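Chemist: So you can see what is in the structure, the chains are spelled out below.
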Amino acid sequence: MIFNSIQYLIFFPIVFLVYWIMPHKWRNWLLLLASYYFYMCWNSLYAILIMFTSVSTWGLALAMDSKTDKSRKTLLSASVLLNLSILFTFKYYDFLMSIFSDVAALMSIQITPQKLGLLLPVGISFYTFQAIGYSIDVYRRSIQPERNLGIFALFVSFFPQLVAGPIERATHLLPQFKEEKVFSYDLFRNGLMIMVFGFFLKLALADRCAIYVDSIFNNIPQHNGGSYLLAAVCFTFQIYGDFCGYSLIAIGTAKMLGYDMCSNFNRPYLSSSITEFWRRWHISLSSWFRDYVYIPLGGSRCTTLRRNVNLMTTMLLSGLWHGASMNFVVWGGLHGLVMCIEKMLGIAKSPSNNTPLRKLLRVTSTFIIACFLWIFFRADNLTDAITIITGIFTDFGKPYIVWAHILIIAVVLALLMIQEIVYERGFHITSIKRIWLQHTVRYLFIVLTIAFIMLFGVLNGDQFIYFQF
Amino acid sequence: MKKVVILLLTVLIGLFVVDRIGGEICEEIHAYSNGLTASKYRELFTSDKSKSDYQMILLGTSRCEAHYVSSIMSDSLGMTVYNGGIDASDNIYSHYAALCLTLKNCKLRYIGLELRECDFAATSDDPFTTLTYLAPYIGENEEVDDLFRRAGTYWRYQASHLYRYNSKIMEDLAGYAVSYSKLMDHGYLKKDKPSVAPDKRDTMPSTFEIDTLKVHYLDLFAKRCKENGMTLFCMISPNYDIATSTTFEYIHEWAERNEIILFDYHTSKLFSDRPDLFYDNHHLWHDGAVRYSEIFVHDLKEIIQKEHK
Numbered sequence: 000m001i002f003n004s005i006q007y008l009i010f011f012p013i014v015f016l017v018y019w020i021m022p023h024k025w026r027n028w029l030l031l032l033a034s035y036y037f038y039m040c041w042n043s044l045y046a047i048l049i050m051f052t053s054v055s056t057w058g059l060a061l062a063m064d065s066k067t068d069k070s071r072k073t074l075l076s077a078s079v080l081l082n083l084s085i086l087f088t089f090k091y092y093d094f095l096m097s098i099f100s101d102v103a104a105l106m107s108i109q110i111t112p113q114k115l116g117l118l119l120p121v122g123i124s125f126y127t128f129q130a131i132g133y134s135i136d137v138y139r140r141s142i143q144p145e146r147n148l149g150i151f152a153l154f155v156s157f158f159p160q161l162v163a164g165p166i167e168r169a170t171h172l173l174p175q176f177k178e179e180k181v182f183s184y185d186l187f188r189n190g191l192m193i194m195v196f197g198f199f200l201k202l203a204l205a206d207r208c209a210i211y212v213d214s215i216f217n218n219i220p221q222h223n224g225g226s227y228l229l230a231a232v233c234f235t236f237q238i239y240g241d242f243c244g245y246s247l248i249a250i251g252t253a254k255m256l257g258y259d260m261c262s263n264f265n266r267p268y269l270s271s272s273i274t275e276f277w278r279r280w281h282i283s284l285s286s287w288f289r290d291y292v293y294i295p296l297g298g299s300r301c302t303t304l305r306r307n308v309n310l311m312t313t314m315l316l317s318g319l320w321h322g323a324s325m326n327f328v329v330w331g332g333l334h335g336l337v338m339c340i341e342k343m344l345g346i347a348k349s350p351s352n353n354t355p356l357r358k359l360l361r362v363t364s365t366f367i368i369a370c371f372l373w374i375f376f377r378a379d380n381l382t383d384a385i386t387i388i389t390g391i392f393t394d395f396g397k398p399y400i401v402w403a404h405i406l407i408i409a410v411v412l413a414l415l416m417i418q419e420i421v422y423e424r425g426f427h428i429t430s431i432k433r434i435w436l437q438h439t440v441r442y443l444f445i446v447l448t449i450a451f452i453m454l455f456g457v458l459n460g461d462q463f464i465y466f467q468f
Numbered sequence: 000m001k002k003v004v005i006l007l008l009t010v011l012i013g014l015f016v017v018d019r020i021g022g023e024i025c026e027e028i029h030a031y032s033n034g035l036t037a038s039k040y041r042e043l044f045t046s047d048k049s050k051s052d053y054q055m056i057l058l059g060t061s062r063c064e065a066h067y068v069s070s071i072m073s074d075s076l077g078m079t080v081y082n083g084g085i086d087a088s089d090n091i092y093s094h095y096a097a098l099c100l101t102l103k104n105c106k107l108r109y110i111g112l113e114l115r116e117c118d119f120a121a122t123s124d125d126p127f128t129t130l131t132y133l134a135p136y137i138g139e140n141e142e143v144d145d146l147f148r149r150a151g152t153y154w155r156y157q158a159s160h161l162y163r164y165n166s167k168i169m170e171d172l173a174g175y176a177v178s179y180s181k182l183m184d185h186g187y188l189k190k191d192k193p194s195v196a197p198d199k200r201d202t203m204p205s206t207f208e209i210d211t212l213k214v215h216y217l218d219l220f221a222k223r224c225k226e227n228g229m230t231l232f233c234m235i236s237p238n239y240d241i242a243t244s245t246t247f248e249y250i251h252e253w254a255e256r257n258e259i260i261l262f263d264y265h266t267s268k269l270f271s272d273r274p275d276l277f278y279d280n281h282h283l284w285h286d287g288a289v290r291y292s293e294i295f296v297h298d299l300k301e302i303i304q305k306e307h308k
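Protein chains in written order, with numbering that gives the first Met the number 0: chain F, 0 to 468; chain E, 0 to 308.
Derived by calculation from the structure, the hints in this document are not laboratory data.
Remember, it's a predicted structure, so these values are computed and weren't measured experimentally.
Cβ atoms here follow ideal geometry from the backbone N, Cα and C, with glycine treated the same way.
Derived pair list, reagent style PhoX-like, types lysine-lysine, alpha-carbon separation capped at 25 Å: (1) E:189 with E:300; (2) F:342 with F:358; (3) F:397 with E:181; (4) E:189 with F:397; (5) F:24 with F:180; (6) E:103 with E:222; (7) E:190 with F:397; (8) F:180 with E:1; (9) F:397 with E:199; (10) E:268 with E:199; (11) E:225 with E:305; (12) F:180 with E:2; (13) F:397 with E:192; (14) E:300 with E:225; (15) E:103 with E:225; (16) E:268 with E:190.
Partner residues aside, some chain E positions facing chain F, computed with beta carbon under 8 Å: (17) 2; (18) 17; (19) 21; (20) 164.
Label-pair restraints from in silico Cβ distances: (21) E:219 with F:221: 33 to 41 Å; (22) E:151 with F:117: 28 to 36 Å; (23) E:205 with F:149: 55 to 63 Å; (24) E:275 with F:392: 24 to 32 Å; (25) E:7 with F:345: 48 to 56 Å; (26) F:218 with E:138: 32 to 40 Å; (27) E:70 with F:400: 26 to 34 Å; (28) E:274 with F:345: 52 to 60 Å; (29) E:138 with F:40: 30 to 38 Å; (30) F:221 with E:251: 29 to 37 Å; (31) E:208 with F:115: 24 to 32 Å; (32) F:402 with E:184: 18 to 26 Å; (33) E:298 with F:117: 51 to 59 Å; (34) F:109 with E:151: 47 to 55 Å.
Throw the hints in and build the complete structure from the sequences for me.
Modeler: Now the structure itself:
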């Protein structure tokens, strides 16, 4: 089941109503049941995988509690290895085999590796990382192991964030399942508004951009550099609308049920550097890598060389997390490279005495770099990515334009820019805040956003890009 | 909970009001737009005196729109011809809906239907998406409404009037800035010479899995023409590809079964050695369209003259 489907628009109100009607002690069971139903709508067999991940991680973490430090380490290693081996089998095994055969072919050795050809379980990277994060937190004693298997299973499978995050921390989400929730109108209204805005980003921005992006990226030989550039820019907004939209719908859904989830995006395209971009883009994943990979590797409190190695390792792994393809590895690696350069040049952080013009230049150049790097993310393979980038510089011509789509994208982006800039710079202005707090304005926001989606959204139930990860 | 009910009711009522008012505004914009689709549909569907003068209308996709030069056909046949080809109206469902809406207001002598494999073959994507262009005309013809019911989208368009203009409104608005009706020659929209001619031919499958519902609507199309005393002829215009003699075998059989004249320039490989006349693999550019129209109208004229004798 996906958020932008009729099924979800029926499923969620039912869950919402039953949840708030039933007594507190049954609510977690309802959510667990709803979460598994939500997942099983896609593939019922793979629900066993989540169940296995939940039970094994829960059991090993519980065993850690009463053990000595050495045994704890062994149990942590077992938990991490178990989770990673599931992820590896379903996501990376075939990729590794194809690399083996490619390398062997380079050495003139003919190998035909046996591929598994398994269907990738939706959201496996997200819930596996959430489970690994929990195990590490228990090992570090940042959190007591959860004794209730039901609550832990709900933590792993909580339906708003099950298939595409945000990747929640046990320290943040687990305690919330134990609190007695009291219905709050403010939470409901805010959740609804966040959800509606998420749908706007997904349906009116991401899916609209996708039509143009697909028409170019799926027919590369028939287009020129102008079209490639426009498609790259459109994809930059598509992936933002798609993923940020998903996160907002997830956050809004959880809020309406009384749960607070971590923010996943903070206007990333207004970043002054790629380093800052990663503090604003997919925050739950980048902070996960920071806390569980980058810092344990030594972080930045070491020699410059070692710091750069740590950074590159983290970003390469982050790229690989996104998908079993060289494109993602290169994408992650290039981000790491730019971050290393920024750190060496001392431009990773935005200076406090930044002039507006300097800030604008830095934001623009960061946006351009991000745009170009997204090409590796979207292209089907490295050859296509290089063809596109080369085409932009050597075969620039009048782009292929479908005016109806481009005009809609322009209108949506203009609205989004106003919203982002208001939040970035002006939301502290009392007059704006006062207007926003009026009921009429909020009602109007919801009504007009839905009407806008009806008129400009793409309502064909397209998948979210991050589902494939 | 009381506040929640108030919020939801306010939103629902507000949405209903905005939707209906917005729908009316969009309808007005659509009605007077000189956008590509809006102006064509207006020409075909509204009971305008000038339109009822048309004696021949051609229906089909962008291939129809770009391949039949109306003025050449009108001059040669001595009758008024309108090219009603609509870009992306990619199968018989939208052609049949267009026919029903056209016949509501006028009587024609001849109707030409440009066919493609997607008019009879099963496709992996939803074949009814082609109907979305006709959503503004929901409620005007029972048979068209039936098609929307089959597509499963009828209730959506009933629930939201704004949704009927989903994505179309920008094209309609653009029609106020650029008048497509002035750029067209009675529905024919020329394609400019491309910077690079297609260099590689597509390969067409030799057979297709037949979609029986599409064939049913092809039959209905033929039946409606017969009932209205119109002569129906079908065309398969040139394509830059490799087609076998069996590619369109089914449609030949269908035409024979329904006693319909079929002009197949695709299987006969017209222009197969002239990539320079193609805009892309599926469309001729203006020079190609002129040449093709001359050949086609010559063949059609012979048939019409025979019919008169």
